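There are 2 protein chains.
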Amino acid sequence: MRSAVKVKAVWALLLIILGLIFVRILSRPSDAVTIYVITPTFYRITQKPELVRLCNTFSLVENIHWIVIEDSVNKTDLVANFLSECKVSSTHLNAVSPKDKNYHIKGSNQRNAGMQWLRENIVKGQQRGVVYFADDDNTYDPRIFNEMRNLRQGATWPVGIVGGSSWEGCITAPGEPSRIVGFWAGYKPRRSFPIDMAAFAINVDLLFTYPNASFDYKHVEQQEGTLLSQVGFKSALELEPRANGCSKVSQI
Amino acid sequence: MRSAVKVKAVWALLLIILGLIFVRILSRPSDAVTIYVITPTFYRITQKPELVRLCNTFSLVENIHWIVIEDSVNKTDLVANFLSECKVSSTHLNAVSPKDKNYHIKGSNQRNAGMQWLRENIVKGQQRGVVYFADDDNTYDPRIFNEMRNLRQGATWPVGIVGGSSWEGCITAPGEPSRIVGFWAGYKPRRSFPIDMAAFAINVDLLFTYPNASFDYKHVEQQEGTLLSQVGFKSALELEPRANGCSKVSQI
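Residue numbers (the UniProt record's numbering), protein chains in the order written: chain A, 1 to 252; chain B, 1 to 252.
To be clear, the hints were calculated from the coordinates, so they are not data collected in a lab.
Check before you lean on any hint, since a few could be wrong.
Said to hold, decoys possible - Restraint-style ranges between C-beta atoms, simulated for each label pair:
1) A:74 <-> B:92: 43 to 49 Å
2) A:87 <-> B:20: 21 to 27 Å
3) A:120 <-> B:182: 48 to 54 Å
4) B:3 <-> A:120: 57 to 63 Å
Claimed, not checked - With a straight-line Cα cutoff of 16 Å, these simulated EDC-like cross-link-like pairs (lysine to aspartate or glutamate) come out:
5) B:124 <-> B:176
6) A:106 <-> A:85
7) A:248 <-> B:141
8) B:87 <-> A:100
9) A:106 <-> A:238
10) A:87 <-> B:141
11) A:218 <-> A:141
12) B:218 <-> B:85
13) A:106 <-> A:31
14) A:248 <-> A:137
15) B:248 <-> B:135
16) B:248 <-> A:85
Stated by the list, open to error - So these bits of chain A aren't anywhere near chain B, every CB distance computed over 12 Å:
17) 21
18) 50
19) 54
20) 56
21) 140
22) 147
23) 191
24) 218
25) 226
A quick note: this is a predicted structure, and the numbers were derived from the prediction, not measured.
For glycine and all other residues, C-beta sits at the position ideal for the given N, C-alpha and C.
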């Protein structure tokens, strides 16, 4: 009886493997869009749990590659061990921040290192990809990654609990969910790009079209616009709205 | 050519379905251990993102049932909508806390409502199960659920960043990873149960053996011991150590 069960188990496994091979052949992976998530990180007591949360979330997303850049002279064992245990495809980099403590901007050198890695490791035009900057102290609903996966040049959506407000982000015209007409933002709403780092993603091809586009340490609270203006957007109004015409602001 | 691809796709699907049916038959679901996670929750601006984080984590755990109990007179749309979108198997309950603001304990009525639901909705002895109390403001590594899944009566493991310390929890004897000899705890280390709510889980059968076991509003900072002593443990030394003899304290 036990050996009969074993034979059935082997058959079941064979059938599954055969089926999966068929599906794999048919799914044409060259069409898949990879989401490259760039995450600067630095040591503090909550670093590990924050990274665990991100790993859990990203584990639920298909075709994702996580680029984690430490703010440190050398890569630490903490992050290296964490990434080796996290099942998400990842790249581990490090880059130091400027020593000058007058800088009130964090993460620029790390995000630039992430973009540089993409420029050096992706073959331009061979792989459809999206770049997203996800800081390690935010919460992400896994569904947002499917919202950004089909963008043409760049997309935006509202985010919750930011800038002292329960939400911030794009607003579309009534009856025109594909056209952004304005933004709700607590901080400097008249900026050309009044959006948070977590509120936009861009086509990876733009990194090659604009090979010098980068973050800096000059434009306080305007790093989003600093990058987006360098990759060809005149204002955030040109971004493609997501989350059902920017309407799916979470009830929070 | 297109129709040939379609035929192949149908075959692939059929093979997968057949394989899965075999696996389902062979896996004997009666042996599966369900982890019942009891989570009290209350409204504040970060409630929704905290719940999203938990949903993401629990999505990675097999055989889990999430009992979410709101501290409210009625169930709110926020939590109801959230649970309807979260793919984790769940039950939505509500229970109010005492009005008296002198109580410095939170969550007891909600955790008791969760246990009551289990006593009323599980057929005693028919389903192997584990009960775990997971607050909505903590971070959980999904691997901890497999650590607790095979417990006999109750198990414990170290947790990070609690009670003002980078970690707290059980310590085993050198060379004896299955025997707890002490605990590291910042707050009242001489308590019989010097462990955090997130540091233990018990066999669901204990809820039937001890049908009156419950949390209260009297024993400040000692709710863990209040419950564990009522379900038959004399001290936390009797719990089964997990996480490789309590040694896997995360590097944080």
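- [ ] Please write out, lowest number first, the hints stated earlier that are contradicted by the structure.
- [x] Structure breaks hints 4, 5, 6, 7, 8, 9, 11, 12, 13, 14, 15, 17, 18, 19, 20, 21.
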